[in-house]
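Visitor: In the order they appear, the protein sequences are chains C and V.
In terms of this note's numbering, the first sequence is residues 1 to 331.
In terms of this note's numbering, the second sequence is residues 1 to 331.
Bear in mind the hints are in silico, worked out from the structure with no lab data behind them.
Glycine residues also receive a C-beta, built at the ideal position from the N, C-alpha and C atoms.
Among the clues, some could well be false.
[What the hints assert, rightly or not] Have a look at the derived ranges for each label pair, beta carbon to beta carbon: (1) V/Arg249 - C/Val21: 43 to 53 Å; (2) C/Arg279 - V/Ala204: 47 to 57 Å; (3) V/Arg114 - C/Arg317: 48 to 58 Å; (4) C/Arg114 - V/Glu128: 26 to 36 Å; (5) V/Glu17 - C/Phe58: 24 to 34 Å.
[Unchecked claim] Just so you have them, the derived chain C footprint on chain V, three or more residues with Cβ under 8 Å: (6) 83–90; (7) 105–119.
[Unchecked claim] Listing some non-contacts, in silico: residues in chain V with all C-beta distances to chain C over 12 Å: (8) Val126; (9) Asp133; (10) Leu149; (11) Gln178; (12) Gln183; (13) Arg245; (14) Asp258; (15) Gly282; (16) Gln292; (17) Glu310; (18) Gly315.
There are 2 protein chains.
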Amino acid sequence: MLLAHGGGGRLMSQLIERVFVPTFANPYLSRQHDGAVVRCGSVRVAFTTDSYVVQPLFFAGGDIGSLAVNGTVNDLAMCGARPQYLSCGLILEEGLELEVVRRVAESMQAAAGRAGVQLVTGDTKVVERGKGDGLFVNTAGIGVVESELDIGPEQIRPGDVVLLSGDVGRHGIAIIAQRESLQFEGTIESDCAPVAEEVLALLAAGIEVHCLRDLTRGGLGSALVELAERAGACVEVCERDIPVREEVRGACEILGLDPLYVANEGRFVAFVPAAQAERALGVLREHAGSAQAAAIGAVTAAGSGRVLMESAVGGQRLVDRLSGEQLPRIC
Amino acid sequence: MLLAHGGGGRLMSQLIERVFVPTFANPYLSRQHDGAVVRCGSVRVAFTTDSYVVQPLFFAGGDIGSLAVNGTVNDLAMCGARPQYLSCGLILEEGLELEVVRRVAESMQAAAGRAGVQLVTGDTKVVERGKGDGLFVNTAGIGVVESELDIGPEQIRPGDVVLLSGDVGRHGIAIIAQRESLQFEGTIESDCAPVAEEVLALLAAGIEVHCLRDLTRGGLGSALVELAERAGACVEVCERDIPVREEVRGACEILGLDPLYVANEGRFVAFVPAAQAERALGVLREHAGSAQAAAIGAVTAAGSGRVLMESAVGGQRLVDRLSGEQLPRIC
Chain C
1 MLLAHGGGGR LMSQLIERVF VPTFANPYLS RQHDGAVVRC GSVRVAFTTD SYVVQPLFFA
61 GGDIGSLAVN GTVNDLAMCG ARPQYLSCGL ILEEGLELEV VRRVAESMQA AAGRAGVQLV
121 TGDTKVVERG KGDGLFVNTA GIGVVESELD IGPEQIRPGD VVLLSGDVGR HGIAIIAQRE
181 SLQFEGTIES DCAPVAEEVL ALLAAGIEVH CLRDLTRGGL GSALVELAER AGACVEVCER
241 DIPVREEVRG ACEILGLDPL YVANEGRFVA FVPAAQAERA LGVLREHAGS AQAAAIGAVT
301 AAGSGRVLME SAVGGQRLVD RLSGEQLPRI C
Chain V
1 MLLAHGGGGR LMSQLIERVF VPTFANPYLS RQHDGAVVRC GSVRVAFTTD SYVVQPLFFA
61 GGDIGSLAVN GTVNDLAMCG ARPQYLSCGL ILEEGLELEV VRRVAESMQA AAGRAGVQLV
121 TGDTKVVERG KGDGLFVNTA GIGVVESELD IGPEQIRPGD VVLLSGDVGR HGIAIIAQRE
181 SLQFEGTIES DCAPVAEEVL ALLAAGIEVH CLRDLTRGGL GSALVELAER AGACVEVCER
241 DIPVREEVRG ACEILGLDPL YVANEGRFVA FVPAAQAERA LGVLREHAGS AQAAAIGAVT
301 AAGSGRVLME SAVGGQRLVD RLSGEQLPRI C
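Modelling step: build the complete structure from the supplied sequences, incorporating the hints.
Guide: Right under this line is the structure:
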């Protein structure tokens, strides 16, 4: 295993495609969505999990606890579900201070309150010194899917407009700044936040959402490539329309990073029919977290599985998957 | 943090009581059952999670993959649910061989097939060499609770009979034998197995099950003490009636371990009304996994929160919680 097998890019994709999908062969996993929508009796329930290994544990705008709650809440939202219940599995390293566990637990509880979910079940394991790294958190989550829509990559259609819920790149830069004790102009805080309200508002407004994807490891670029490949469609986006804060852009230039691949924790893309795109944008902009939502592109042709970007300086380039590992342990 | 904070004994209990229950204050967690039973729309759904850090990854009778599936399946069963869907979160250490990941994934899939559940969603993270220990697995699980019964420690009543589903101590001894390259008389294999069929059979037979608990970290002794304390009842058990295989008893004597506190992964206790105990035993004994089920004691008085054991050599002793860490990283 290389670090890049967990990085959200090409190697991780290969690991999933070559080992997990064939081994765990079932239609839920094969969809490779952010979570699975399963039937529990007569009810459609979304079910998802993520482990969190972010370093440092505490960073500007969040910590491993708020990240673990919001990340799983957002994966449920990407299934069109109302997030309801979360589990919490902790793996602690011997020698970790109890105060750290307490702070993380309190942060999880505060984030759960903000997101309207309850942490209802949990587990704690402790490993020897040197066999872990302070604290790892796993959360799984469930929530009822009230909408009748089937939301997923295979619903993407030519003509769909791609909406982005706000500026990108803050989470990754906040983490690297903390890790390397870098000072950038202004404090760059993680965008770590729950996005379920915005998504449920889209559904309540009758927007026929085709696909949702939150932009975590691998950033906007990797998410778009993955969706285009799964949908077998061509996605064309315009670089100028992708909001990136000045200070994030500056930091990316100094660090030699492309904001297109920098991780986020409170951002998502929505694929919606062109006829509803303006109305959908209006709904998103009513929410503080997505006030800067923008239409960044469209699905232009079926059958090609690639992403083209009209660059800010003119010309079109092919957006590739993230190759290797940009920032390990970002989430 | 000490290793014993994850050991299923006194320190873990204190961590849960003093940090998690007050912080995550909600009625589901306060019950401290093996999982939570929540409402998803009109359906009662059991939801549970466990992380697995067992060393070595592969041992006689199982591996971390089958353990991670059966452990979570069994926690769902302890809620009276039919286990249906599992998530899988992997934390891999850089440098781990892909072949190990593949073997564990295949073992999980085989165990899922045996237990009648599907692995529907997952996540993989990779940490740097020296920041993990090969491979950690988290599984969460959900399943519909079809029974109308409310199953939990607070349902335990004086007069209830305590049924044990089979012999105890095999998992812990199998792990320590593998870890220390010990040879005991005969190979002692882990009892790692799903127990949902047996539990659902009890419910289908109309047994009014009051409480169920699977016997993992801390063994039978810790489970009984925890239940007696939560129920505020006195549980009296008879040492002679607790099945322990000869080779396990021998290994325990050599190692200075009390089989009462050695971990299991395919064993549970059921508290049932005395009038139904014989019939319940009959139902359990029809299943291969619980063919040796036995009545090991009864709930004798309300309000005392302790466990008394009539010892094999005569006399009665108070069963205490496991103090410190008997075998770290047993699951």
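Visitor: So, for every hint listed, does it hold in this structure?
Guide: Cross-check of the supplied hints:
Roughly 45 Å separates the CB atoms of V/Arg249 and C/Val21, a value that falls within the hinted 43 to 53 Å. At roughly 51 Å, the beta-carbon separation of C/Arg279 and V/Ala204 lies within the given 47 to 57 Å, and the hint holds. Evaluation of the 48 to 58 Å hint for V/Arg114 and C/Arg317 yields a pass: the beta carbon distance comes to about 50 Å. Between C/Arg114 and V/Glu128 the C-beta distance comes to about 32 Å, which sits within the given range of 26 to 36 Å.
One distance hint, 24 to 34 Å for the beta-carbon pair V/Glu17 and C/Phe58, holds here, with the actual separation near 25 Å. For the stretch 83–90 of chain V, the stated coverage by chain C holds: 6 residues have a C-beta nearer than 8 Å to a C-beta of that chain, and at least 3 were required. Closer than 8 Å: that is the beta-carbon criterion, and the stretch 105–119 of chain V has 7 residues meeting it against chain C, so the requirement of 3 holds. Residue-level check failed: V/Val126 sits 3 Å from the nearest beta carbon of chain C, not beyond 12 Å.
Distance check for V/Asp133 against chain C: the nearest CB is about 4 Å away, which does not clear 12 Å, and the non-interface claim fails. With a minimum CB-CB distance of about 17 Å to chain C, V/Leu149 clears the 12 Å threshold, and the non-interface call stands. At roughly 17 Å from the closest C-beta of chain C, the C-beta of V/Gln178 stays outside 12 Å, upholding its exclusion from the interface. Its beta-carbon lying about 25 Å from the closest one in chain C, V/Gln183 satisfies the requirement of being farther than 12 Å from that chain.
Against chain C, the non-interface label of V/Arg245 holds: every CB pair exceeds 12 Å, the least being about 27 Å. Against chain C, the non-interface label of V/Asp258 holds: every CB pair exceeds 12 Å, the least being about 22 Å. Distance check on V/Gly282: its Cβ is at least 30 Å (rounded) from any Cβ of chain C, clearing the 12 Å threshold; non-interface status holds. Look at V/Gln292: its CB is around 28 Å from the nearest CB on chain C, clear of 12 Å, so calling it non-interface holds up.
Listed as a non-interface residue, V/Glu310 keeps its Cβ farther than 12 Å from every Cβ of chain C; the least gap is roughly 33 Å. The non-interface label for V/Gly315 is consistent with chain C: the shortest C-beta to C-beta separation is roughly 36 Å, beyond 12 Å.
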